[in-house]
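**Q** Sequences are here, hints too, so could you generate the full structure?
Protein sequence lines correspond, in order, to chains A and B. Following the numbering used here from start to finish, the first sequence increments by one per residue and tops out at 489. Following the numbering used here from start to finish, the second sequence increments by one per residue and tops out at 170.
One thing to keep in mind: the hints can contain errors.
Stated by the list, open to error - Coverage of chain A stretches by chain B, computed from C-beta distances (three or more under 8 Å per stretch; other residues unrestricted):
1. 50 to 59
2. 65 to 72
3. 131 to 139
4. 309 to 317
5. 421 to 432
To be clear, the hints were calculated from the coordinates, so they are not data collected in a lab. Cβ atoms here follow ideal geometry from the backbone N, Cα and C, with glycine treated the same way.
Below are the chains, spelled out letter by letter.
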Amino acid sequence: MERHIRRALAVFAIACAFSGLTAQAADDIGLSRNWKVCATDTFELPKDIFTEWVPVGCEIVDCCPGCPGILDRLSWRIKVEGAPLESATLKFSRLPRDVAAGLKFEGTAQGSAENLLIGKGEASISGLPVELAGRAPVAQLDVGLDQAWLQGQAKQSQAFMLANLEDAGDSGSITIEQYYDKYRVNEYKIAFRFPRCFFPLRDRIVLSNNASGDAAAVLVDARRSTGCVFEEERRGAGIIGMGSVLSNGGCRSEVAVFSDDDAMKFVPGVAAWTDFLGDTLNVNLTPDRLMAPLHVWLARPGSFITALGDVNNANLLYNTNNSGIGFAPVFHFVSGNPLAVATIGTGCASAPAVIGSAFFVAGQLNAYYVNDAFTGVNCGVDRNVQYVGTTANNQTLAHEFGHSMSLSHTNGDPAFPVTNVMIGGGAARTHFADGQSFRMNAHCSSTLNSNGVRTGPVRRCPNTISGNVTCSIFTDTHCPPLAADVLPK
Amino acid sequence: MKSFKQMWVAAGVALLVVPVLSAAAELPPEQSLAIRQAVVAWLECEECTEGELEVVARYGELAVPTLGAALERGPSPASLEKYQLHLESTYQKMVEYARTHEEIKLEQSQDEYVKMYLENYRANYAVRSAEALRKIGGRDASRFLEAASKRKMREDVDTAVLKAARSVAK
Numbered sequence: 001m002e003r004h005i006r007r008a009l010a011v012f013a014i015a016c017a018f019s020g021l022t023a024q025a026a027d028d029i030g031l032s033r034n035w036k037v038c039a040t041d042t043f044e045l046p047k048d049i050f051t052e053w054v055p056v057g058c059e060i061v062d063c064c065p066g067c068p069g070i071l072d073r074l075s076w077r078i079k080v081e082g083a084p085l086e087s088a089t090l091k092f093s094r095l096p097r098d099v100a101a102g103l104k105f106e107g108t109a110q111g112s113a114e115n116l117l118i119g120k121g122e123a124s125i126s127g128l129p130v131e132l133a134g135r136a137p138v139a140q141l142d143v144g145l146d147q148a149w150l151q152g153q154a155k156q157s158q159a160f161m162l163a164n165l166e167d168a169g170d171s172g173s174i175t176i177e178q179y180y181d182k183y184r185v186n187e188y189k190i191a192f193r194f195p196r197c198f199f200p201l202r203d204r205i206v207l208s209n210n211a212s213g214d215a216a217a218v219l220v221d222a223r224r225s226t227g228c229v230f231e232e233e234r235r236g237a238g239i240i241g242m243g244s245v246l247s248n249g250g251c252r253s254e255v256a257v258f259s260d261d262d263a264m265k266f267v268p269g270v271a272a273w274t275d276f277l278g279d280t281l282n283v284n285l286t287p288d289r290l291m292a293p294l295h296v297w298l299a300r301p302g303s304f305i306t307a308l309g310d311v312n313n314a315n316l317l318y319n320t321n322n323s324g325i326g327f328a329p330v331f332h333f334v335s336g337n338p339l340a341v342a343t344i345g346t347g348c349a350s351a352p353a354v355i356g357s358a359f360f361v362a363g364q365l366n367a368y369y370v371n372d373a374f375t376g377v378n379c380g381v382d383r384n385v386q387y388v389g390t391t392a393n394n395q396t397l398a399h400e401f402g403h404s405m406s407l408s409h410t411n412g413d414p415a416f417p418v419t420n421v422m423i424g425g426g427a428a429r430t431h432f433a434d435g436q437s438f439r440m441n442a443h444c445s446s447t448l449n450s451n452g453v454r455t456g457p458v459r460r461c462p463n464t465i466s467g468n469v470t471c472s473i474f475t476d477t478h479c480p481p482l483a484a485d486v487l488p489k
Numbered sequence: 001m002k003s004f005k006q007m008w009v010a011a012g013v014a015l016l017v018v019p020v021l022s023a024a025a026e027l028p029p030e031q032s033l034a035i036r037q038a039v040v041a042w043l044e045c046e047e048c049t050e051g052e053l054e055v056v057a058r059y060g061e062l063a064v065p066t067l068g069a070a071l072e073r074g075p076s077p078a079s080l081e082k083y084q085l086h087l088e089s090t091y092q093k094m095v096e097y098a099r100t101h102e103e104i105k106l107e108q109s110q111d112e113y114v115k116m117y118l119e120n121y122r123a124n125y126a127v128r129s130a131e132a133l134r135k136i137g138g139r140d141a142s143r144f145l146e147a148a149s150k151r152k153m154r155e156d157v158d159t160a161v162l163k164a165a166r167s168v169a170k
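**A** As structure tokens, then:
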């Protein structure tokens with residue numbers, strides 16, 4: 001009894017303490033995915049942009065703290081919104097036959113568990129299991145675009161060909177909320193933005209030596225008839241139409257190009273634009289990626305395979321997100337060396353001693369795999385130092401390298417989906433924004449610059465982590481927004 | 001036999017206590033959601049520099065059952081599935097990528113790769129929930145930690161749980 005009363009009082013006290021905090025409203029659900037797609041490209045996009053997998057079940061193992069009754073069944077509330085989206089199709093797998101047969105559908109849902117079409121608007125599914133033995137059931141979510149909208153885009157493209165400006169375009173989203181009774185127990189949201197990116201080949205940027213031939217992302221500052229423009233986003237493998245760009249006048253004119261297998265190309269002070277049509281800015285994407293030397297110190301026995309997996313994923317993530325950065329590892333097997341293990345320690349408290357020891361290579365990245373139960377940390381005393389613990393996930397090392405190259409966390413910034421590598425948590429992070437890639441390359445205290453891996457113009461960008469290298473106060477502070485081109489691929 | 005006055009006092013206390021108890025048994029959905037989000041933020045944070053543990057600790061006893069369940073059972077099946085799908089997808093991308101990029105060296109099968117990181121994920125949940133239970137303290141938190149310290153888990157998890165169990169304020 002005493003315990004229940006204490007608990008009840010705790011409810012009251014907590015309610016008071018958190019009276020200013022209310023639970024997230026449904027429209028505040030963080031984005032699981034956030035795609036930007038040029039409307040004209042929608043026919044050629046890889047399938048994974050429009051296919052997702054949503055597991056059935058609660059986010060946390062006891063489902064909903066303090067909810068009453070016996071947890072038996074969940075319901076899904078689904079919303080399909082926005083002009084470009086026509087429908088969503090759900091195909092459930094691993095649902096027992098009797099459970100699948102017993103599902104009830106309402107609203108815009110039609111079909112069966114094997115193939116359920118959700119029309120625009122709201123729908124619900126009830127009778128889903130809370131938990132089953134083995135892997136959780138999962139729904140394959142396929143997004144259907146509105147055909148009438150697509151045809152409208154084709155017509156409008158002609159009108160936009162005459163203009164120079166990118167249109168904000170239409171957007172759409174799909175939200176799936178999982179409920180036990182009135183308790184929300186899990187959520188998922190995918191958003192699409194479809195800007196109209198039609199630019200005639202009047203003035204142009206011509207890319208050469210595009211190593212992978214990918215659709216490079218280009219951020220442009222320049223002057224147009226409407227005035228100065230900043231961070232216009234373009235994309236192309238070779239010749240990129242710019243519409244009409246005018247001579248610089250009083251405007252800043254620069255270009256940053258991000259491409260797989262190529263180093264970021266930053267061209268400040270562009271002088272190619274005139275007030276006449278037919279201007280060309282040539283951008284040579286040589287050199288290929290900048291490979292940062294990396295020393296991996298394996299102070300924990302048996303950590304090589306983990307470290308190799310982590311470095312592999314870091315290379316995959318950085319290159320396939322156009323950052324132009326790679327990591328060339330050298331592995332040091334020191335777990336049998338007591339002096340090394342003692343000097344390296346298990347975290348940043350040991351970093352000052354490590355930096356003065358033989359177990360550190362100055363001016364290069366160093367990652368220490370140690371025997372302590374934590375995920376990872378990058379050390380402020382020297383951003384070249386990162387520790388990885390025994391409970392790291394496959395993105396931890398890539399995340400710490402982001403700190404090393406000046407990036408801070410993106411927690412709480414609604415522009416970033418939970419898949420951003422620099423979210424300070426989560427286990428399925430896959431993307432960098434071009435605004436982040438710019439900072440990793442061009443911010444003055446990024447280890448890429450302080451270590452001399454990159455030489456070239458630098459900036460002192462806002463929204464960066466403090467580093468052990470102090471940027472000159474005279475360094476230009478103009479940088480693209482952190483969330484510029486938030487999902488470049 | 002109880003006096004008439006005692007019976008009235010007992011009835012009065014019951015009237016006061018029953019609503020309090022029912023409030024204790026059932027949290028409002030908004031508060032349940034807030035606790036879930038706070039606990040997940042702590043269990044999944046990387047460096048945990050945004051005060052994640054402090055937010056969980058402010059919920060005190062209300063967060064203990066959820067933390068105890070996470071310590072005992074790990075991530076939910078849906079969260080495990082989400083991570084497993086991510087790991088399988090990442091491995092497949094690495095296989096494809098390795099065909100054109102020699103710096104990628106795959107020395108594990110997909111099953112080994114997925115298993116290794118899933119074990120770390122489970123271990124992280126156990127270590128973090130133990131740490132939060134230690135921070136909150138109290139009889140229930142101690143019980144969860146004591147029970148967990150008797151189970152055989154991974155060495156790093158055992159060490160962390162034992163440390164939490166020994167230092168928790170009862």
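**Q** For every hint, state whether the structure bears it out.
**A** Results of checking the hints against the structure:
{"no.": "1", "hint": "50 to 59", "result": "holds (count 6)"}
{"no.": "2", "hint": "65 to 72", "result": "holds (count 4)"}
{"no.": "3", "hint": "131 to 139", "result": "holds (count 5)"}
{"no.": "4", "hint": "309 to 317", "result": "holds (count 5)"}
{"no.": "5", "hint": "421 to 432", "result": "holds (count 6)"}
Checked against the numbered hints given earlier, this structure breaks none of them.
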